[in-house]
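Can you make the complete structure from the sequences, with help from the hints?
There are 4 protein chains.
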Amino acid sequence: MNFSVKTELAYRVAKATPFVFNVQAQQMSGQTIVSERLRIDPELPTETWTMPESGNRYVRLIAPSGGFKLTYHANVRLDHPTEDPARVNEIPPGSLPLSVLTHVYPSRYCQSDRLERFTQRTFGALPPGYQRVAEICNWIHDNVDYISGSSDAQTSAYDTVSQRAGVCRDFAHLGITLCRVLGIPARYVSAYAWRLEPPDFHAVFEAFLHGPAGPGWYMFDPTRMAAPEGIVRIGVGRDAAEVAFCTQFGEMEAEKPEVAISGPADAPPSTTQAVRTQDA
Amino acid sequence: MNFSVKTELAYRVAKATPFVFNVQAQQMSGQTIVSERLRIDPELPTETWTMPESGNRYVRLIAPSGGFKLTYHANVRLDHPTEDPARVNEIPPGSLPLSVLTHVYPSRYCQSDRLERFTQRTFGALPPGYQRVAEICNWIHDNVDYISGSSDAQTSAYDTVSQRAGVCRDFAHLGITLCRVLGIPARYVSAYAWRLEPPDFHAVFEAFLHGPAGPGWYMFDPTRMAAPEGIVRIGVGRDAAEVAFCTQFGEMEAEKPEVAISGPADAPPSTTQAVRTQDA
Amino acid sequence: MNFSVKTELAYRVAKATPFVFNVQAQQMSGQTIVSERLRIDPELPTETWTMPESGNRYVRLIAPSGGFKLTYHANVRLDHPTEDPARVNEIPPGSLPLSVLTHVYPSRYCQSDRLERFTQRTFGALPPGYQRVAEICNWIHDNVDYISGSSDAQTSAYDTVSQRAGVCRDFAHLGITLCRVLGIPARYVSAYAWRLEPPDFHAVFEAFLHGPAGPGWYMFDPTRMAAPEGIVRIGVGRDAAEVAFCTQFGEMEAEKPEVAISGPADAPPSTTQAVRTQDA
Amino acid sequence: MNFSVKTELAYRVAKATPFVFNVQAQQMSGQTIVSERLRIDPELPTETWTMPESGNRYVRLIAPSGGFKLTYHANVRLDHPTEDPARVNEIPPGSLPLSVLTHVYPSRYCQSDRLERFTQRTFGALPPGYQRVAEICNWIHDNVDYISGSSDAQTSAYDTVSQRAGVCRDFAHLGITLCRVLGIPARYVSAYAWRLEPPDFHAVFEAFLHGPAGPGWYMFDPTRMAAPEGIVRIGVGRDAAEVAFCTQFGEMEAEKPEVAISGPADAPPSTTQAVRTQDA
Numbered sequence: 000m001n002f003s004v005k006t007e008l009a010y011r012v013a014k015a016t017p018f019v020f021n022v023q024a025q026q027m028s029g030q031t032i033v034s035e036r037l038r039i040d041p042e043l044p045t046e047t048w049t050m051p052e053s054g055n056r057y058v059r060l061i062a063p064s065g066g067f068k069l070t071y072h073a074n075v076r077l078d079h080p081t082e083d084p085a086r087v088n089e090i091p092p093g094s095l096p097l098s099v100l101t102h103v104y105p106s107r108y109c110q111s112d113r114l115e116r117f118t119q120r121t122f123g124a125l126p127p128g129y130q131r132v133a134e135i136c137n138w139i140h141d142n143v144d145y146i147s148g149s150s151d152a153q154t155s156a157y158d159t160v161s162q163r164a165g166v167c168r169d170f171a172h173l174g175i176t177l178c179r180v181l182g183i184p185a186r187y188v189s190a191y192a193w194r195l196e197p198p199d200f201h202a203v204f205e206a207f208l209h210g211p212a213g214p215g216w217y218m219f220d221p222t223r224m225a226a227p228e229g230i231v232r233i234g235v236g237r238d239a240a241e242v243a244f245c246t247q248f249g250e251m252e253a254e255k256p257e258v259a260i261s262g263p264a265d266a267p268p269s270t271t272q273a274v275r276t277q278d279a
Numbered sequence: 000m001n002f003s004v005k006t007e008l009a010y011r012v013a014k015a016t017p018f019v020f021n022v023q024a025q026q027m028s029g030q031t032i033v034s035e036r037l038r039i040d041p042e043l044p045t046e047t048w049t050m051p052e053s054g055n056r057y058v059r060l061i062a063p064s065g066g067f068k069l070t071y072h073a074n075v076r077l078d079h080p081t082e083d084p085a086r087v088n089e090i091p092p093g094s095l096p097l098s099v100l101t102h103v104y105p106s107r108y109c110q111s112d113r114l115e116r117f118t119q120r121t122f123g124a125l126p127p128g129y130q131r132v133a134e135i136c137n138w139i140h141d142n143v144d145y146i147s148g149s150s151d152a153q154t155s156a157y158d159t160v161s162q163r164a165g166v167c168r169d170f171a172h173l174g175i176t177l178c179r180v181l182g183i184p185a186r187y188v189s190a191y192a193w194r195l196e197p198p199d200f201h202a203v204f205e206a207f208l209h210g211p212a213g214p215g216w217y218m219f220d221p222t223r224m225a226a227p228e229g230i231v232r233i234g235v236g237r238d239a240a241e242v243a244f245c246t247q248f249g250e251m252e253a254e255k256p257e258v259a260i261s262g263p264a265d266a267p268p269s270t271t272q273a274v275r276t277q278d279a
Numbered sequence: 000m001n002f003s004v005k006t007e008l009a010y011r012v013a014k015a016t017p018f019v020f021n022v023q024a025q026q027m028s029g030q031t032i033v034s035e036r037l038r039i040d041p042e043l044p045t046e047t048w049t050m051p052e053s054g055n056r057y058v059r060l061i062a063p064s065g066g067f068k069l070t071y072h073a074n075v076r077l078d079h080p081t082e083d084p085a086r087v088n089e090i091p092p093g094s095l096p097l098s099v100l101t102h103v104y105p106s107r108y109c110q111s112d113r114l115e116r117f118t119q120r121t122f123g124a125l126p127p128g129y130q131r132v133a134e135i136c137n138w139i140h141d142n143v144d145y146i147s148g149s150s151d152a153q154t155s156a157y158d159t160v161s162q163r164a165g166v167c168r169d170f171a172h173l174g175i176t177l178c179r180v181l182g183i184p185a186r187y188v189s190a191y192a193w194r195l196e197p198p199d200f201h202a203v204f205e206a207f208l209h210g211p212a213g214p215g216w217y218m219f220d221p222t223r224m225a226a227p228e229g230i231v232r233i234g235v236g237r238d239a240a241e242v243a244f245c246t247q248f249g250e251m252e253a254e255k256p257e258v259a260i261s262g263p264a265d266a267p268p269s270t271t272q273a274v275r276t277q278d279a
Numbered sequence: 000m001n002f003s004v005k006t007e008l009a010y011r012v013a014k015a016t017p018f019v020f021n022v023q024a025q026q027m028s029g030q031t032i033v034s035e036r037l038r039i040d041p042e043l044p045t046e047t048w049t050m051p052e053s054g055n056r057y058v059r060l061i062a063p064s065g066g067f068k069l070t071y072h073a074n075v076r077l078d079h080p081t082e083d084p085a086r087v088n089e090i091p092p093g094s095l096p097l098s099v100l101t102h103v104y105p106s107r108y109c110q111s112d113r114l115e116r117f118t119q120r121t122f123g124a125l126p127p128g129y130q131r132v133a134e135i136c137n138w139i140h141d142n143v144d145y146i147s148g149s150s151d152a153q154t155s156a157y158d159t160v161s162q163r164a165g166v167c168r169d170f171a172h173l174g175i176t177l178c179r180v181l182g183i184p185a186r187y188v189s190a191y192a193w194r195l196e197p198p199d200f201h202a203v204f205e206a207f208l209h210g211p212a213g214p215g216w217y218m219f220d221p222t223r224m225a226a227p228e229g230i231v232r233i234g235v236g237r238d239a240a241e242v243a244f245c246t247q248f249g250e251m252e253a254e255k256p257e258v259a260i261s262g263p264a265d266a267p268p269s270t271t272q273a274v275r276t277q278d279a
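Chains as they are written, first to last, in numbering that gives the first Met the number 0: chain E, 0 to 279; chain L, 0 to 279; chain C, 0 to 279; chain Y, 0 to 279.
Among these hints, one or two may not hold up.
Copies of the same chain are indistinguishable here, so a pair counts whether it falls within one copy or spans any two.
Taking lysine to any residue and the SDA-like style, the derived pairs with C-alpha atoms no more than 20 Å apart in a straight line are [unchecked claim]: (1) LYS68 - THR246; (2) LYS255 - THR81; (3) LYS14 - ILE90; (4) LYS14 - GLN119; (5) LYS14 - GLY93; (6) LYS14 - ALA124; (7) LYS255 - GLU196.
No lab work stands behind these hints: they were computed from the structure. Keep in mind that this is a model prediction, so the values were computed, not measured.
Next comes the structure, spelled out in structure tokens:
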């Protein structure tokens with residue numbers, strides 16, 4: 000399926016200030032950039048870099064005093080394989096590729112070391128597999144209220160599990176944390192998300208499981224607010240600390256980001272299959 | 000200088016349990032493995048992997064029910080360049096290699112997002128450079144008590160800055176956190192540390208600065224307990240969450256690790272120069 | 000029923016150190032001190048005080064350098080009324096005596112302000128009354144593991160609700176917190192507890208409800224480890240911060256407290272009725 | 000000196016909702032209510048209560064669906080004794096009245112148990128007395144930024160000591176906490192505060208010390224924003240959890256409170272003497 004994504008970001012600074020953006024869609028198998036355009040207005044020199052271990056694409060610029068606007072527009076084709084969830088299993092820690100072990104460790108917003116007992120009590124006895132991660136998402140969906148403004152930049156999974164309110168970022172953090180306690184590698188994904196209302200940057204997570212085609216990352220969205228087959232991946236990382244769409248070094252004023260994504264008009268309802276993403 | 004390092008780790012498990020170790024010295028420019036031997040007793044199949052972005056070396060084994068012992072012995076030559084601290088500067092965020100930006104973000108034990116104001120108030124006005132990081136280390140040394148048992152696996156820099164007690168791990172976390180607030184990339188290093196008394200695994204940190212030979216990582220030890228030129232690097236990561244010397248997946252009993260390092264008998268006193276480490 | 004309670008506390012100090020003890024049974028309607036003896040060995044001058052708003056009895060002494068032992072022995076008759084739980088109701092906040100409002104506010108270990116949503120989601124829809132508080136106790140009993148050493152002096156209800164392990168103190172704190180969110184005044188009680196195995200100081204909590212005889216405090220023990228009709232009340236307070244059995248001002252070494260309580264040999268099984276305590 | 004204080008509070012509720020207010024000036028030696036008037040508009044039945052151990056005055060009403068306004072106006076004469084700070088000393092814990100011990104314990108927002116080492120390191124070596132508490136206030140004033148909106152209802156002294164920003168409430172909490180670690184009883188005071196700009200409810204704290212006239216409570220304002228001799232005390236408590244000016248049980252909308260206080264036009268500059276308050 001083809002998607003058109005767009006974002007427009009506007010900032011004002013009082014003196015020259017470095018900005019790093021991570022808003023471009025990743026280039027990876029299953030996610031093809033048909034065309035894209037990144038424009039800075041007024042025009043500014045930029046520097047770009049793609050992180051080898053994540054595929055995240057970064058753009059840096061030094062904004063001079065005054066205002067500037069970044070516009071990104073891309074046509075992206077997604078053809079991630081979908082699989083029967085019943086055939087997707089967990090991988091015992093003794094068999095996990097050592098390269099994904101990093102995603103079992105606790106991180107800033109996903110303190111899996113503090114939620115051992117809760118997780119084991121609630122999910123430890125469920126049969127391992129895709130369905131267990133889906134049950135984690137169900138639990139989050141059923142027990143945490145999605146409320147804009149109920150959390151802030153310091154809110155972590157340890158808070159969300161008690162406070163029971165948050166936004167997509169918090170939902171993803173909690174899902175990641177619960178997976179990690181169970182020994183399932185999990186990571187944070189920032190994305191353009193089709194059918195998300197109102198349109199905005201979205202956050203979901205991926206768990207590392209073993210499907211018919213071998214081990215790989217599978218996408219989960221505990222908010223149930225977007226279509227799994229319409230997630231255009233921007234950044235992946237241990238948690239939100241690593242995939243901000245904008246990092247600036249100094250004071251600034253920002254306008255509310257504008258984000259849009261459109262897909263095929265005649266598309267069927269969202270898939271209930273397991274969606275497998277593939278690293279570049 | 001040549002160092003002989005050794006560690007002996009012993010565990011008992013009740014049923015087959017996967018273990019991942021990160022105890023081998025890194026192989027990198029300035030740190031040469033002259034010889035090494037890793038032995039598991041009783042003999043067990045192992046799998047090894049070196050993480051490309053860190054150089055960390057991992058060994059995995061599945062311990063069967065009963066006990067086992069891992070012994071690692073290495074002869075390591077260290078010849079990290081040392082430089083005049085006065086010639087080592089900070090790098091403005093607009094000029095940092097994008098590949099090290101990851102080490103400016105907050106992590107599990109280094110919540111730099113929560114210590115902004117404290118850091119800016121205490122260190123923000125100091126002239127940028129190696130000396131500012133040294134002042135951070137001095138502050139930690141002077142304001143935090145080194146007390147075995149005063150912290151635990153959940154203690155983070157946010158606690159240490161208030162509770163004012165910890166061990167090498169906590170000292171390193173606090174140093175990393177304060178650097179990150181100032182925009183200085185910083186990372187955690189686990190090591191064999193010469194002249195550390197009593198001998199044990201040690202933790203220090205590295206900050207990314209710009210010296211006479213260009214940008215690179217410089218080693219700092221806020222505990223002042225070891226010789227900077229005698230730090231045999233084992234693992235680097237965002238913080239201790241990523242460089243445990245042992246990660247196991249299941250219940251186990253561990254004996255206290257034995258760690259030893261010896262250096263040249265006739266070595267001069269520890270250096271006061273800046274020690275620069277070099278990625279592989 | 001008559002109970003014999005005893006405790007023996009031994010300390011060593013290097014220099015003169017003030018101690019305040021709160022180990023004596025309260026004197027109140029329903030809890031009669033038939034006889035009691037408090038001995039300090041070696042003999043030391045003491046000062047005593049009973050707090051009007053709580054009935055807590057305090058003894059202060061200045062321990063000289065060296066060791067001392069406090070022994071307390073009392074014969075106590077308990078005849079708290081027991082009532083049919085079905086006839087004990089909650090009191091709407093508009094009708095609560097203003098004097099108990101204090102026990103609806105958050106306190107050090109009972110941060111009811113942070114567990115609103117969790118509490119409302121889990122218990123908000125249950126019919127108000129004694130039974131709702133009993134359901135809170137059931138939830139704690141079923142979802143939190145009683146594990147000695149799993150918590151420390153800084154552990155609060157906010158931790159226990161996520162970490163799911165604790166001791167009697169943590170169970171009481173969590174019960175208090177959940178009640179307060181629902182607008183039910185609740186307070187911490189330290190006690191000698193009959194049938195508690197092994198014998199030790201115990202912690203339970205009281206909720207302010209309305210029974211057949213009017214408004215009053217009702218006792219709850221989410222650990223289910225002691226007999227409700229055999230709780231000899233020592234101290235009440237907002238939480239454990241206010242009812243330590245020993246507060247000292249300086250360094251000391253303590254031996255493990257010895258605590259004993261014995262009741263009638265031929266007593267029937269523990270009551271399942273609501274036990275109502277009565278302030279002095 | 001005579002002061003005229005006034006507050007106007009307006010609320011809207013969708014259904015009958017209990018409110019408890021604590022906005023009336025305390026009646027105590029040194030603070031005389033010359034005249035006062037509390038009006039609810041539209042008129043509603045109210046219930047009042049003065050807490051014996053604090054002197055706090057509470058008014059409860061059940062607001063029917065719709066809006067209401069509370070207006071409080073009082074003329075208050077303050078003639079608290081002022082004393083030479085050099086003659087005001089700390090009281091060793093062995094000599095403190097047992098009735099104030101409660102104010103040495105940690106509370107919701109003043110976790111003195113977690114700031115031992117920081118406090119001892121920073122203030123432990125200073126000579127005991129009024130001046131040491133003044134140094135605590137100086138430290139807070141010099142190291143914490145007063146910034147509206149930088150803290151919220153969950154912010155505690157443990158946060159403020161690291162985050163270094165807050166409002167009067169946070170300044171008071173930190174002062175209380177540091178005093179308690181040193182064994183100095185301290186409590187939270189809500190007040191109308193003369194010369195505070197802009198006018199608002201204010202928070203200060205009191206420490207229990209020993210002056211020329213014996214032991215008593217002395218007022219401290221680490222914000223330095225108001226005149227110590229012009230603090231009209233409303234409520235005292237362990238911390239802000241106990242002295243909200245409004246506690247409601249249900250949803251409501253509030254207008255921003257209006258607060259005003261005026262004093263003698265020709266008054267001299269604010270006192271630098273120790274201001275001693277006296278319980279009723």
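Hint by hint, here is what the structure shows:
1. LYS68 - THR246: This pair counts as within: shortest intra-copy Cα distance 15 Å, inter-copy 46 Å.
2. LYS255 - THR81: neither (34 Å within a copy, 48 Å between copies)
3. LYS14 - ILE90: Result: close only across copies, 18 Å inter versus 51 Å intra.
4. LYS14 - GLN119: This pair counts as between: shortest inter-copy Cα distance 19 Å, intra-copy 51 Å.
5. LYS14 - GLY93: For LYS14 and GLY93, the Cα distance is within 20 Å only across copies (13 Å; inside one copy 52 Å).
6. LYS14 - ALA124: For LYS14 and ALA124, only the inter-copy Cα distance (18 Å) is at most 20 Å; the intra-copy one is 56 Å.
7. LYS255 - GLU196: within (16 Å within a copy, 33 Å between copies)
When the structure is compared with the earlier hints, a violation turns up for hint 2 alone.
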